[in-house]
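> From first to last, the protein sequence lines are chains X, F, G, V and W. Terminal number for the first sequence in full-length UniProt numbering: 354, no gaps in between. Terminal number for the second sequence in full-length UniProt numbering: 354, no gaps in between. Terminal number for the third sequence in full-length UniProt numbering: 354, no gaps in between. Terminal number for the fourth sequence in full-length UniProt numbering: 354, no gaps in between. Terminal number for the fifth sequence in full-length UniProt numbering: 354, no gaps in between.
Treat the hints with care, since some could be wrong.
Any copy will do: because identical chains look the same in the list, a pair fits if it lies in one copy or spans two.
To be verified - Below, in silico cross-link-like pairs of lysine-lysine (DSSO-like), each with a Cα-Cα straight-line distance of 30 Å or less:
1) K295 / K232
2) K327 / K23
3) K37 / K161
4) K59 / K327
5) K102 / K207
6) K102 / K83
7) K232 / K351
If you are wondering where the hints come from, they were derived from the structure by calculation, not from laboratory data. Since the structure is predicted, the reported quantities are computational estimates derived from the model, not experimental observations.
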Amino acid sequence: MIKPRFHLQRRLVEPRIQFVGQKFLDIPSIQIFNYDKRNVREFATKGDFSKIEEIVDEKSHEVTWINIHGIHDTELIRRIASKFFIDNLVIQDIVDTTQRPKIDIHPDFLYFSVKSILPSEQGNVESENISFVLKGNVLLSFQEKIGDHFEHIRGRIRENKGLVRKNGADFLLYLLLDAITGNCYSTLERMESELEELPSLIMKEPKPEYIVKLEDLKRNLFSIRKAIIPLKEAIVTTEKGQTEQIKNSTIPYFSDLKDQLLLLIDETDINLTRAEGSTNLFFSYQGHRMNEVMKVLTIVATIFIPLTFMAGIYGMNFQNMPELSWKYGYPMIWLAMILVAIVMVIYFRRKKWF
Amino acid sequence: MIKPRFHLQRRLVEPRIQFVGQKFLDIPSIQIFNYDKRNVREFATKGDFSKIEEIVDEKSHEVTWINIHGIHDTELIRRIASKFFIDNLVIQDIVDTTQRPKIDIHPDFLYFSVKSILPSEQGNVESENISFVLKGNVLLSFQEKIGDHFEHIRGRIRENKGLVRKNGADFLLYLLLDAITGNCYSTLERMESELEELPSLIMKEPKPEYIVKLEDLKRNLFSIRKAIIPLKEAIVTTEKGQTEQIKNSTIPYFSDLKDQLLLLIDETDINLTRAEGSTNLFFSYQGHRMNEVMKVLTIVATIFIPLTFMAGIYGMNFQNMPELSWKYGYPMIWLAMILVAIVMVIYFRRKKWF
Amino acid sequence: MIKPRFHLQRRLVEPRIQFVGQKFLDIPSIQIFNYDKRNVREFATKGDFSKIEEIVDEKSHEVTWINIHGIHDTELIRRIASKFFIDNLVIQDIVDTTQRPKIDIHPDFLYFSVKSILPSEQGNVESENISFVLKGNVLLSFQEKIGDHFEHIRGRIRENKGLVRKNGADFLLYLLLDAITGNCYSTLERMESELEELPSLIMKEPKPEYIVKLEDLKRNLFSIRKAIIPLKEAIVTTEKGQTEQIKNSTIPYFSDLKDQLLLLIDETDINLTRAEGSTNLFFSYQGHRMNEVMKVLTIVATIFIPLTFMAGIYGMNFQNMPELSWKYGYPMIWLAMILVAIVMVIYFRRKKWF
Amino acid sequence: MIKPRFHLQRRLVEPRIQFVGQKFLDIPSIQIFNYDKRNVREFATKGDFSKIEEIVDEKSHEVTWINIHGIHDTELIRRIASKFFIDNLVIQDIVDTTQRPKIDIHPDFLYFSVKSILPSEQGNVESENISFVLKGNVLLSFQEKIGDHFEHIRGRIRENKGLVRKNGADFLLYLLLDAITGNCYSTLERMESELEELPSLIMKEPKPEYIVKLEDLKRNLFSIRKAIIPLKEAIVTTEKGQTEQIKNSTIPYFSDLKDQLLLLIDETDINLTRAEGSTNLFFSYQGHRMNEVMKVLTIVATIFIPLTFMAGIYGMNFQNMPELSWKYGYPMIWLAMILVAIVMVIYFRRKKWF
Amino acid sequence: MIKPRFHLQRRLVEPRIQFVGQKFLDIPSIQIFNYDKRNVREFATKGDFSKIEEIVDEKSHEVTWINIHGIHDTELIRRIASKFFIDNLVIQDIVDTTQRPKIDIHPDFLYFSVKSILPSEQGNVESENISFVLKGNVLLSFQEKIGDHFEHIRGRIRENKGLVRKNGADFLLYLLLDAITGNCYSTLERMESELEELPSLIMKEPKPEYIVKLEDLKRNLFSIRKAIIPLKEAIVTTEKGQTEQIKNSTIPYFSDLKDQLLLLIDETDINLTRAEGSTNLFFSYQGHRMNEVMKVLTIVATIFIPLTFMAGIYGMNFQNMPELSWKYGYPMIWLAMILVAIVMVIYFRRKKWF
Ligand SMILES: [Mg+2]
Ligand SMILES: [Mg+2]
Ligand SMILES: [Mg+2]
Ligand SMILES: [Mg+2]
Ligand SMILES: [Mg+2]
Ligand SMILES: [Mg+2]
Ligand SMILES: [Mg+2]
Ligand SMILES: [Mg+2]
Ligand SMILES: [Mg+2]
Ligand SMILES: [Mg+2]
Ligand SMILES: [Mg+2]
Ligand SMILES: [Mg+2]
Ligand SMILES: [Mg+2]
Ligand SMILES: [Mg+2]
Ligand SMILES: [Mg+2]
Ligand SMILES: [Mg+2]
Ligand SMILES: [Mg+2]
Ligand SMILES: [Mg+2]
Ligand SMILES: [Mg+2]
Ligand SMILES: [Mg+2]
Ligand SMILES: [Mg+2]
Ligand SMILES: [Mg+2]
Ligand SMILES: [Mg+2]
Ligand SMILES: [Mg+2]
Ligand SMILES: [Mg+2]
Ligand SMILES: [Mg+2]
Ligand SMILES: [Mg+2]
Ligand SMILES: [Mg+2]
Ligand SMILES: [Mg+2]
Ligand SMILES: [Mg+2]
Ligand SMILES: [Mg+2]
């Protein structure tokens, strides 16, 4: 389940920097890329951040991508952020993993908060908050844990594949957002394949566990929808060219991202319909089973209860029961019983009970 | 089911041209029409596309319709597109069959992405992505597979029937979109006739399979709705005259298309209501059957269980049971039993159980 | 049911004039009124339309109302329309009975498409498409079949009652639309009275037929809603004075019409709620009946099954059963049985089962 | 139920003045107040309206409140209205009790139509249509029946309590609308207390009558919602200062009214949720009862049916049944039966059936 | 439950100041803070308010926070309010605890009405109405009861922690609203943990009490949603800079508040989905239990009823029943019975009933 993790240290009296979330890493780490069309430099550190300020140079004509894992180290985040004159409210948003997806347009930078949705190991859905700050040639990305979201993009930078090295930090941001959108696709596909299996499982045996599963899926789909819609709104904002951090030449790429998010919303809705349909199927199949069970009981009981009564009659011990001494009394009662049974069977056949 | 086919090679790191979909054709093919009021020339090729560039002449005063089957051949698509200066993001949209319906207004061309919805052989619904590029006198259409969507339009061009030869490429685009809308009508009608049959089937026997069918229909209707609404939005855009590729004289035809799409949305909604109603009917009829079964059991059991008890009494072997030696003991117990049975029957009659 | 009738000859390759609908009349007929404050002339013909063009005079200062029954005769419709320079797209809308309600504002005329909703003979709802063209002093009305929608208005024109003869063709249009709205009221009232009867019928016996009825009513109400809303939108357009065909002095009458349509939408919604409520009642009453049936079975079975067992005990043929030879064995077993029965009855009484 | 009363003489061919509704009074009556800060004059008449015109003086600097009961007397309404140059369409709205709440801004007067909602004697909800015309210093109010809606306001005018005598006719209108809003509060409170009682009643015994009650309440709540929303819209119109009949100093009072109506809408929604919840409770409790009944039956039948079978075995009359002659046959069969019963009881205990 | 308390003295004839709510305190109390960057003065009184006017000085450059507990003392409220020229309509809103959350922008002050939502002792949700008046350097806050909502903020003022002493009254208002939002978070979290427990409880035993609990939770969630949405709207108003009482430098803090409220709305919706899912689970589990019960009954009855019948046959007393005298009659009937039982068991096994 996409568990919100705000139940931790929520009560802020004012926006001092305070981590809100679950700590996934012990030691934070940073990767820095500096690149232009011709050159690429790479720098990585874990735990020791003393030389960060020297490496990062905002005024360089090169694109700089600073990727930070481990936002629980608020002191580190503040140190980096202050270098780029990012104010405290934004820093607090960065270290709050319950942050709703949004875009904030600041005078000289852009702040993006996104939910990355991934299938987790236990067949569930996991959500990670990822923040971006885009300021001229510099892109900062902030992650909770070390994942492999962006490894293929790092490869393309190193090997100068595709357009990434030929474009600015805004294009890099697009690539990162696109990778996150791709994760969301995979998650939805996995949920869809789980949903596609359920109808046949339900029609084998309508176990209440399937309703638990269905309702979990519904809630996860609903949470994904809640996470995508504000992201789409944020991207529509950039698409309208309301911010100078995104170059006009990059806007079509953001429009393309919007198309993908709209498709994801459609897919989510269709899968919600699918889940609702399986819920209906569950209840209809449960009712069907009950009908089957009751029909068996009714047929057997209705045939044998009258017969048992007839046998009971001639099991009475009255001294004066003429039938008992009839020569063909016993065969006649058998005949009568068989007749009653046949009539019953014909009646049930007519009612199409079997 | 309208299956999305994005589960294939989704993860794009950037918009290089990559086919997303299922390959339906082995060898792509192209048909080209060149026509004006007086003349019409036709050219078709399969597999060998070496002379394409020569035939197509954007500057001609004639209308040119280039219809391509088989968008999996991304190299071919790129070759044709580059001749018309169509950029890579649009090319990627063309070869992505999961594309959501949309219109993109580019400085010198118009891009249309549409879903063509057709009933499939297995009683299901099939969706094909069709793209159009309208650039002055030239209309490009891109299809996944060879279907007969537009054959009647080709006939009208060849025989100079109706208005098609008297108008430009924008009117031709209208005709093609109108044909796709017509397919959607047929699909809805088939679903409607399936829905109209279900109530009587349910009232014969409420099989859970009908719920499966109903939920499939609901999901398909819902998907169709999701496909029509963005198309309607796209056409509203053209209707407002926001693009110069569509001539003012052609706009009323696009308005007419919008009316048809609005009607289709209404029809879809009404059929969804119909499906929901059959779901309710299913559950009510299932409950009705259960009531019927239980009434039979209760009537039979309630009449015969007390009678069997009475017979059981006089089947006991106590030495001292005076009734057993009464002269009319046996007829009297019969009388008592018949009385009890009559009282029961009257009771159930009063309760209107049968 | 409000059946769409587009399943006929839908596939238009372009807007040539083609009837879409069910043919209700063999021979079309036309009634023409010419009137001003002082004079009124009336002309009617059936089948022979040779002198139509002579009678109709657009330039006259008089109001001319041309009412056509039988839009399947597309040649006649085209002849009349062409006299008023109405273009082919509008003509096609006129002869398409599946047309969605709408207003089209053309440079020199106004086109109105409306659904007239009437209760049909079989207790159902019938929908007829009626089109209007308002061009200066001339009003054309196009109907599928000969109904009595407007007879009372003809009477008022002939006898110069009310305001009709004192006003222009736009006021006449208002009167005709008002008559159609009135029909819709009657339909809704009939549906409401059907809905008001259902709860008591359901509580007599919850037959699945009532669910069929309820779902039909829901779908009809929903269709009516779908027909009224675009009509309301059309009238809001005229109310805003966006068209010069409607004089300022007539606008308040159109506002009044809008009020009525808003009330109709409210009524439709409330009746949908009523229908949904009866659905809930159905299921609750079905469950109630089941509970009643099961309680009877359980009480009877639970009392007599243990008693029958007790009788069965003393019906066994063991040679050594001391109770059988007790002097008061038989009365004692009766006593025991009566005690057990009383305990059971007290138990069920406590549980408030009867 | 809030019954619409339009089923009466609806079919208007044009806006001649015609009463639409149920006649509650035999003889209409009029009360007139003339007041300013210092003086107040009061005049009331029933049946004889000959001197009305003399008393009412539009040009006076004093506020004049003319309250009319009995709008079925269309001749009287027209006489009064014509004195203030109110046109026929408005007069028709006044005498149409099915009128939807609305505001009409006329060049020199304001027309308000409102639904007053009151609990009726039979535990139901009653709706009355009340119209207001505000023209400068004159306020006309039109009621269907004689109620006590405004008696406390009359008292305040007579005794010069509060602000009423210090303000104009627009402030008086505010007071009257406020009183009507207050009635709506009382109605909702009564419905809420009915709703609060239902869960405990349902959990005593889930009678289908409660579903009838619940659905009535839902429908009434829904109707109230439908009546309040257009009234709120009307008041938003006045709040925006779009009309000069409402002085700027009175606008804050109308804003306050809007707040109250928004609160009423919230309350209605919450009570609808409450009703929906009780519906769910009903069905869950019905299912619970069924489960209880079936458990009793199953426990009793499952214990005694095998025992009865065992007794039946030894009630057979085979000549050669060795057990019958065993010395301890009878105690042994008792033992066996008790063992079987104990096993059954343990089984049901384990399943937590009792 | 979030009980509205308007059922008290609602019927206002005009906005005289009248307490609407439940009285929680006997004696009202006031705390006053005067502070700037360097100094802080604090003043508190309970019951004796004679020197209030002297202490409060609107013209001071210092920030003044006047916190009033006990709005039932309308005379006190009016005395304080009149000192700041707050008009009667606002005063009435302050003392009306049923007030819907809103912002009113007055020419020289801002009025905020907020619902503070807290978990109550009995596991329920409690709602308190809190009003704020922001006028230049002065902030007035009005509470119904003495709670600990703001104690941590008072601490920060006294000890000059954080930004509060460095900013104006608008920043203080932000802090107070933030504290109220924090309470709402806690309430939602408690409801969420209650909801997370329910599925496992339901699957132990589907008691109708859980539906009561679920429906209470749904209604409370719904009420919270209804309380947050207008508050969010109010804050959007301030965020847009439409009021000069909020300085530009404080606006980002209000934006941050808006983000939190949007997150709260999302959380509420997700929890409503969770509750709806548990409702579905309840019904599916109830049906499952019923199926289990019926299967036990049907299996036992279907096996033993035919066997009992067979025993009954040979319990009849016909003189001429050859089987009774067969040597192996008794073992043969046992064999037949065992065969029948085995066939039955195989049948049920095949049907996967156990
Ligand atoms: Mg949550
Ligand atoms: Mg959550
Ligand atoms: Mg899709
Ligand atoms: Mg899809
Ligand atoms: Mg469904
Ligand atoms: Mg459903
Ligand atoms: Mg899918
Ligand atoms: Mg799909
Ligand atoms: Mg249809
Ligand atoms: Mg339709
Ligand atoms: Mg349903
Ligand atoms: Mg239909
Ligand atoms: Mg239709
Ligand atoms: Mg209504
Ligand atoms: Mg339904
Ligand atoms: Mg309902
Ligand atoms: Mg009504
Ligand atoms: Mg009504
Ligand atoms: Mg009604
Ligand atoms: Mg409320
Ligand atoms: Mg319901
Ligand atoms: Mg509820
Ligand atoms: Mg529900
Ligand atoms: Mg339910
Ligand atoms: Mg409330
Ligand atoms: Mg309430
Ligand atoms: Mg409430
Ligand atoms: Mg969340
Ligand atoms: Mg969330
Ligand atoms: Mg659900
Ligand atoms: Mg549910």
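> Confirm or reject each hint.
Checked hints:
1. K295 / K232: neither (54 Å within a copy, 52 Å between copies)
2. K327 / K23: For K327 and K23, the Cα distance exceeds 30 Å both inside one copy (93 Å) and across copies (79 Å).
3. K37 / K161: The answer is within: 11 Å in one copy meets 30 Å, while 49 Å across copies does not.
4. K59 / K327: neither (120 Å within a copy, 110 Å between copies)
5. K102 / K207: neither (41 Å within a copy, 43 Å between copies)
6. K102 / K83: For K102 and K83, the Cα distance is within 30 Å only inside one copy (23 Å; across copies 40 Å).
7. K232 / K351: neither (57 Å within a copy, 51 Å between copies)
In this structure, the hints that do not hold are numbers 1, 2, 4, 5, 7, in rising order.
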